[in-house]
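Visitor: What follows is each chain in one-letter form.
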Amino acid sequence: KAGVTQTPRYLIKTRGQQVTLSCSPISGHRSVSWYQQTPGQGLQFLFEYFSETQRNKGNFPGRFSGRQFSNSRSEMNVSTLELGDSALYLCASSSMWGGTEAFFGQGTRLTVV
Amino acid sequence: AQSVTQLDSHVSVSEGTPVLLRCNYSSSYSPSLFWYVQHPNKGLQLLLKYTSAATLVKGINGFEAEFKKSETSFHLTKPSAHMSDAAEYFCVVSDSNTGKLIFGQGTTLQVKP
Chain A
1 KAGVTQTPRY LIKTRGQQVT LSCSPISGHR SVSWYQQTPG QGLQFLFEYF
51 SETQRNKGNF PGRFSGRQFS NSRSEMNVST LELGDSALYL CASSSMWGGT
101 EAFFGQGTRL TVV
Chain B
114 AQSVTQLDSH VSVSEGTPVL LRCNYSSSYS PSLFWYVQHP NKGLQLLLKY
164 TSAATLVKGI NGFEAEFKKS ETSFHLTKPS AHMSDAAEYF CVVSDSNTGK
214 LIFGQGTTLQ VKP
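Chains as they are written, first to last, in my numbering: chain A, 1 to 113; chain B, 114 to 226.
Do not rely on the hints blindly, as some may be mistaken.
[As the list claims (entries may be wrong)] Derived DSS-like pairs (lysine-lysine); straight-line CA-CA distance at most 30 angstroms: (1) A:Lys57 with B:Lys162; (2) B:Lys162 with B:Lys181; (3) B:Lys171 with B:Lys181; (4) A:Lys13 with B:Lys155; (5) A:Lys57 with B:Lys155; (6) A:Lys57 with A:Lys13; (7) B:Lys171 with B:Lys182; (8) B:Lys225 with B:Lys171; (9) B:Lys155 with B:Lys225.
[To be verified] Away from chain B, derived, C-beta distances all over 10 angstroms, residues of chain A: (10) Val4; (11) Arg15; (12) Ser33; (13) Ser51; (14) Gly62; (15) Phe64; (16) Ser65; (17) Ser70; (18) Asn77; (19) Glu82; (20) Leu83; (21) Ser86; (22) Glu101; (23) Val112.
Keep in mind the hints are simulated off the structure, nothing from the lab. Since we're looking at a predicted model, the values are computed, not measured. We put the beta carbon where it would ideally sit given N, CA and C, even for glycine.
In isolation and in its complexed conformation, chain A is listed as follows (with noise of 0.2 angstroms):
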């Protein structure tokens, strides 16, 4: 069974620009989830879908979104990239809403330079 499959794996981006990052999940999980990890805020929640709908939404501001596809494909896409905005995005999928255990895909390394 195949794991969560992050890409690309590395991006090197300027600022000012933006970026889309994809996820698969494992198959037949319907719940897509992201975050994002840095040295100093280290992993913060940054939203989850499930069954294409949006169902949380963590503190970040409006320029990073998702979205989740039929397939329970998932994309996030951070618009007017700034410098902090470096780091590692992470995917976790999960068969169900809440409280399951997540599984975690081998991140994007976000660099805005």
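Keeping the supplied structure of chain A fixed, place chain B upon it in accordance with the hints.
Guide: Just chain B, lined up with the frame of chain A:
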């Protein structure tokens, strides 16, 4: 609101000696608790989970954790450390209202030969 506090940011042990990583939680409800491990440049791997069944939870790679409600603790232990255990460990609680995962700040485990 639910939260977790990892009491040590850094733990150093010698190979073959016991490991203890401490975690306290705060929750209004019966919590779902997890321990995840992250090796350098990798995603997060689930070590074990507590979901109100047995209070002593056994995980992968010889790790276990004990849920103590009276102490609001969920400490992670391993009888004998191995060099490959060197990594960052996260104690996590699942928010019962939203289902999102709330991470502790992490404990870096160093294993000396």
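Visitor: Taking 10 angstroms as the cut and beta carbons as the points, is Leu83 (chain A) off the interface with chain B?
Guide: Since the minimum Cβ distance to chain B is about 21 angstroms, Leu83 (chain A) lies beyond 10 angstroms and the statement holds.
Visitor: Was Ser51 (chain A) rightly flagged as not at the interface, with every chain B Cβ beyond 10 angstroms?
Guide: holds (13 angstroms)
Visitor: Confirm or reject: Phe64 (chain A) is not an interface residue toward chain B, with every Cβ-Cβ distance exceeding 10 angstroms.
Guide: holds (15 angstroms)
Visitor: Taking the shortest Cβ-to-Cβ distance between Ser65 (chain A) and chain B, state whether it exceeds 10 angstroms.
Guide: holds (17 angstroms)
Visitor: Take a quick look at Ser33 (chain A) and tell me if its Cβ sits farther than 10 angstroms from every Cβ on chain B, holds or violated.
Guide: Check fails; 7 angstroms does not lie beyond 10 angstroms.
Visitor: Just want to verify: Val112 (chain A) was marked as not at the interface with chain B; is every Cβ pair farther apart than 10 angstroms?
Guide: holds (19 angstroms)
Visitor: Over 10 angstroms to the closest beta carbon of chain B is the bar; see if Gly62 (chain A) clears it.
Guide: holds (19 angstroms)
Visitor: Assess, step by step, whether the Cα of Lys57 (chain A) is no farther than 30 angstroms from the Cα of Lys162 (chain B), and give holds or violated.
Guide: Judged against 30 angstroms, a Cα distance of about 24 angstroms means the pair holds.
Visitor: Take a quick look at Arg15 (chain A) and tell me if its Cβ sits farther than 10 angstroms from every Cβ on chain B, holds or violated.
Guide: Correct as stated: the minimum Cβ-Cβ distance to chain B is 25 angstroms, above 10 angstroms.
Visitor: Measure nothing beyond the straight line between the CA atoms of Lys171 (chain B) and Lys182 (chain B); if it is 30 angstroms or shorter, mark the hint as holding.
Guide: holds (17 angstroms)
Visitor: Would you check the hint for Lys57 (chain A) and Lys155 (chain B), treating anything up to 30 angstroms between C-alpha atoms as holding?
Guide: The hint holds at about 24 angstroms.
Visitor: Is it correct that the beta-carbon of Asn77 (chain A) has no partner in chain B closer than or equal to 10 angstroms?
Guide: holds (20 angstroms)
Hints 10, 12, 22 from the earlier list are contradicted by this structure; the remaining hints agree with it.
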